[in-house]
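Asker: Those protein sequences? They're chains A and B, same order as listed.
So that you can map any letter, position 180 of the first sequence is 180 in the numbering used here, and since no number is skipped, the others follow by simple counting.
So that you can map any letter, position 78 of the second sequence is 78 in the numbering used here, and since no number is skipped, the others follow by simple counting.
Hints in this document: simulated from the structure, not taken from any laboratory.
A couple of the hints might just be wrong.
[Unchecked claim] Chain A is faced by these chain B residues, among others (derived, beta-carbon under 8 Å):
| # | residue |
| --- | --- |
| 1 | ASN3 |
| 2 | ARG34 |
| 3 | GLU38 |
| 4 | TRP39 |
| 5 | GLY41 |
| 6 | THR42 |
| 7 | SER44 |
| 8 | PHE68 |
| 9 | HIS92 |
| 10 | TRP94 |
| 11 | SER98 |
[Claimed, not checked] Distance ranges between label pairs, derived from CB positions:
| # | chain 1 | residue 1 | chain 2 | residue 2 | range |
| --- | --- | --- | --- | --- | --- |
| 12 | B | MET29 | A | THR121 | 31 to 41 Å |
| 13 | A | SER181 | B | LEU79 | 15 to 25 Å |
| 14 | A | ASP92 | B | LEU82 | 16 to 26 Å |
All C-beta atoms, glycine included, are put in the ideal place defined by N, C-alpha and C.
What follows is the residue order along each chain.
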Amino acid sequence: MSTWERITRGLGIFTVALFLLVMLTPLSNLAGQSFAVAPERKAADAIVVLAAALLNGGSLSDESMRRTITGIELYKQGFAPVLVFSGRGRRDKPVPTEAGQRLLMAEAVGMPAEAILKEETANTTREEAGRISRLLMHRGLRKILLVTDSLHLRRAKLAFESTGLEVFPVPSDNFPTAATSAWDRLWLASRIVEESAALSYYRLAGYF
Amino acid sequence: MDNIFIFFLVAITSSFAYYATNRHKSVTMLAAIRSFFEWTGTFSLFFVANLALGTLIVFFIRTFTPTFIALYALQNMLLLFLSAAQAFVFHHVWKRGSNE
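Construct the complete structure from the given sequences, taking the supplied hints into account.
Answerer: Here's what the structure looks like:
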């Protein structure tokens, strides 16, 4: 047996064992729970709903919809007088934008258009933090409720805090406890790895 | 419970396949399982290599051109399937090469 065969076989056994562990045990749920940020629903100056994705044809993705609904809920419960929707258009079709589609949805459920601000140019979480922070500080708004998915929230919170805003995180989901099927747990684990890598990159690049 | 049901299905079809092909077995089950793990290991290597190369290319484009490409572009099932196919082909080639 060659060394190469020994290496690939060992790696293969490790990969299969890791897959089974992730898919069949609550390991990724536990990791997700410790990675997620606890919600802080407090009165603030504005609610900021971060971008997720726009589907081909202009519909909001499931994740975008979840975040939008959470933002509208917070507004309707009186947590803040201003709601900021973030989200650009698709690369192949810049109009409509995700923020624009969210605005239409909010208006359809009775929200006043004058309470809504849009950010339609940012590509990354860091750009969202910089641009939305300028938009809010210009109006003297400094305390925000930040809405995004539970695994993205840690990095997003740090990025927004680094711009000088006071941030109260509000997750739009409960993925770490909701994922119970093998596929969902695998997806959850991959998101944790992804977000951990992005968090390390932001730290190394000195973004916060 | 759902997972046990899936394992049960795979165990049943594997048992049928084993007994149906038992008389033709030129390759032992143990050798086949070894080969499966080697393929899985090769797949992991190709998958990580593809991801690493993809990340480098995305950062290169972001740094040196005005074009923005999100890293989420790598969140594509196709990468998983193609890495598996790559691993299958090259595992076969390397195995044949080492046997000759």
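Asker: Hints the structure violates: just list their numbers, smallest first.
Answerer: 9, 12
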